[in-house]
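Here are the chains, one letter per residue:
Protein chains: 2
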Amino acid sequence: MQSLIQRIKNEGQNLGNGILKVDSFVNHQVDPQLMDEAGREFARHFKNIGATKILTAEISGIAPAVFTGLHMNLPVVYARKRKPITMPDQVLLTLAPSHTKGRTVELIVSPEYLAGGENVLIIDDFLASGATIMGLVRLAEAAGANLVGIGALIEKTFEPGRAILAPLGVPIVSLAAVKSMEGDKISFA
Amino acid sequence: MQSLIQRIKNEGQNLGNGILKVDSFVNHQVDPQLMDEAGREFARHFKNIGATKILTAEISGIAPAVFTGLHMNLPVVYARKRKPITMPDQVLLTLAPSHTKGRTVELIVSPEYLAGGENVLIIDDFLASGATIMGLVRLAEAAGANLVGIGALIEKTFEPGRAILAPLGVPIVSLAAVKSMEGDKISFA
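Residue numbers (the working numbering), protein chains in the order written: chain A, 309 to 497; chain B, 309 to 497.
Honestly, the hints are just simulated from the structure, not real lab data. Owing to the predicted nature of the structure, the values given are computational and were not obtained by experimental measurement. Possibly wrong hints are sitting among the right ones.
[Claimed, not checked] Each computed DMTMM-like pair below joins lysine to aspartate or glutamate, with the alpha-carbon atoms no more than 25 Å apart:
1) B:K391 / A:D397
2) B:K409 / A:E319
3) A:K329 / B:E426
4) B:K409 / B:E345
5) A:K493 / A:E467
6) B:K317 / A:E490
7) A:K409 / B:E366
8) A:K391 / B:E366
9) B:K329 / A:E467
10) A:K329 / B:E420
11) A:K391 / B:E414
12) B:K329 / A:E366
13) A:K487 / A:E319
14) A:K389 / B:E426
15) A:K329 / B:E414
16) A:K487 / A:E467
17) B:K329 / A:E414
18) B:K329 / A:E420
19) B:K355 / B:E426
20) B:K329 / B:E414
21) B:K355 / B:E366
22) B:K409 / A:E345
23) A:K389 / B:E414
24) A:K409 / B:E414
[As the list claims (entries may be wrong)] Negatives, chain A to chain B, calculated, CB over 10 Å:
25) I327
26) H336
27) Q341
28) G377
29) P392
30) A439
31) A450
32) P468
33) A485
34) M489
35) S495
36) F496
All C-beta atoms in this analysis are idealised placements derived from N, C-alpha and C, irrespective of residue type, glycine included.
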């Protein structure tokens, strides 16, 4: 998606250690027009996969996921990282290591909103190590749902995420592919 | 907003202690069509207040805020509850007691994205005790920004939020007003 790539070129910051700061339009400040365009683009890519639900992880996955849901007319479930008091005692829970946080986070979904037989499209902000998305895949499997697709705004192709997810046999779409982040540069695939 | 009120009537659950569970369309599963309609409604109410930025708090404020941002063509900043590594050392931080969490949470905004002279519209999911929204007000003040409006999807009119915010002298809009939650009932204003 050219507008997303251009935005990363203009405003993205390479903080070193493979960390790409896009806080001015994705991760802290959000550009709703850009997210709406991304949602439309995901909807175009995934229109024929038969998805019945979109699954993402709080916090940064929410914006791209809800706009994809808007354009696909699908509900969005976001996995929580802490169990709120409104959630039943029996939940689906998995652990995912977070590179950028330097610790393991919980991903929690209520079985009320992720059930057997659903066709799940996972949408997230980044595809890098693949750890968060694999956590969401495990939650979908634990619910007895079918995975039908994976979409990420930004892929770091120099990390192993795509290779780890490829055996799942579903379409994997990223809207901007960063090939390398050497020195203070950001190079696109 | 009649569709929101109807949805609360159909799917909202009174968990006791004033806790309203709307996890099937706001707080865990999100209905993007409903949030889009809410965003359009906020945009209609706030079209003449001169807002330049929308401010919300992660996590549940993000969906209504980004759709309001879409329809007002404004960027959205969501206050973080933990400081991510991409944020500079010098941040704006305030503490807000959370009734539903039973603890105090931090609300953190980077001064990169909330600056003096901006006209801030606060959007959140609930207006109840007013504690989270007052925290966002303090962040806007600390940034030197002007507060120009406050919007919430659901107001609990039996809690003191509106009375606490009223002295700020800005328009306060809620799209569904819950008057009481006695027993297992949910009554609307």
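Consistency of the hints with the structure:
1. B:K391 / A:D397: This hinted pair is violated, its Cα atoms lying about 29 Å apart.
2. B:K409 / A:E319: Violated, at about 35 Å.
3. A:K329 / B:E426: 23 Å, holds
4. B:K409 / B:E345: 28 Å, violated
5. A:K493 / A:E467: 16 Å, holds
6. B:K317 / A:E490: 54 Å, violated
7. A:K409 / B:E366: Holds: K409 of chain A and E366 of chain B sit about 17 Å apart, inside 25 Å.
8. A:K391 / B:E366: 15 Å, holds
9. B:K329 / A:E467: 39 Å, violated
10. A:K329 / B:E420: With Cα atoms ~13 Å apart, K329 of chain A and E420 of chain B stay inside 25 Å; holds.
11. A:K391 / B:E414: Distance of about 18 Å is within 25 Å: holds.
12. B:K329 / A:E366: 18 Å, holds
13. A:K487 / A:E319: 17 Å, holds
14. A:K389 / B:E426: Violated - the C-alpha atoms of E426 of chain B and K389 of chain A are around 32 Å apart, more than 25 Å.
15. A:K329 / B:E414: At roughly 22 Å apart (the allowed maximum being 25 Å), E414 of chain B and K329 of chain A satisfy the hint.
16. A:K487 / A:E467: 9 Å, holds
17. B:K329 / A:E414: 22 Å, holds
18. B:K329 / A:E420: Within the cut-off at roughly 13 Å; holds.
19. B:K355 / B:E426: Holds. K355 of chain B to E426 of chain B sits at ~16 Å (cutoff 25 Å).
20. B:K329 / B:E414: Distance of about 23 Å is within 25 Å: holds.
21. B:K355 / B:E366: 24 Å, holds
22. B:K409 / A:E345: 35 Å, violated
23. A:K389 / B:E414: 16 Å, holds
24. A:K409 / B:E414: Holds, at about 17 Å.
25. I327: Label violated. Min Cβ-Cβ 7 Å, cutoff 10 Å.
26. H336: 6 Å, violated
27. Q341: Violated, because the least Cβ-Cβ distance between Q341 of chain A and chain B comes to about 7 Å, which does not exceed 10 Å.
28. G377: G377 of chain A is in fact no farther than 10 Å from some Cβ atom of chain B, at 4 Å.
29. P392: 7 Å, violated
30. A439: At roughly 16 Å from the nearest Cβ of chain B, A439 of chain A sits farther out than 10 Å, so the non-interface label holds.
31. A450: Non-interface label on A450 of chain A holds, nearest chain B Cβ at 16 Å vs cutoff 10 Å.
32. P468: Holds, since 21 Å exceeds 10 Å.
33. A485: 20 Å, holds
34. M489: 14 Å, holds
35. S495: Since the minimum Cβ distance to chain B is about 20 Å, S495 of chain A lies beyond 10 Å and the statement holds.
36. F496: 20 Å, holds
Against the hints set out earlier in the document, violations occur for numbers 1, 2, 4, 6, 9, 14, 22, 25, 26, 27, 28 and 29.
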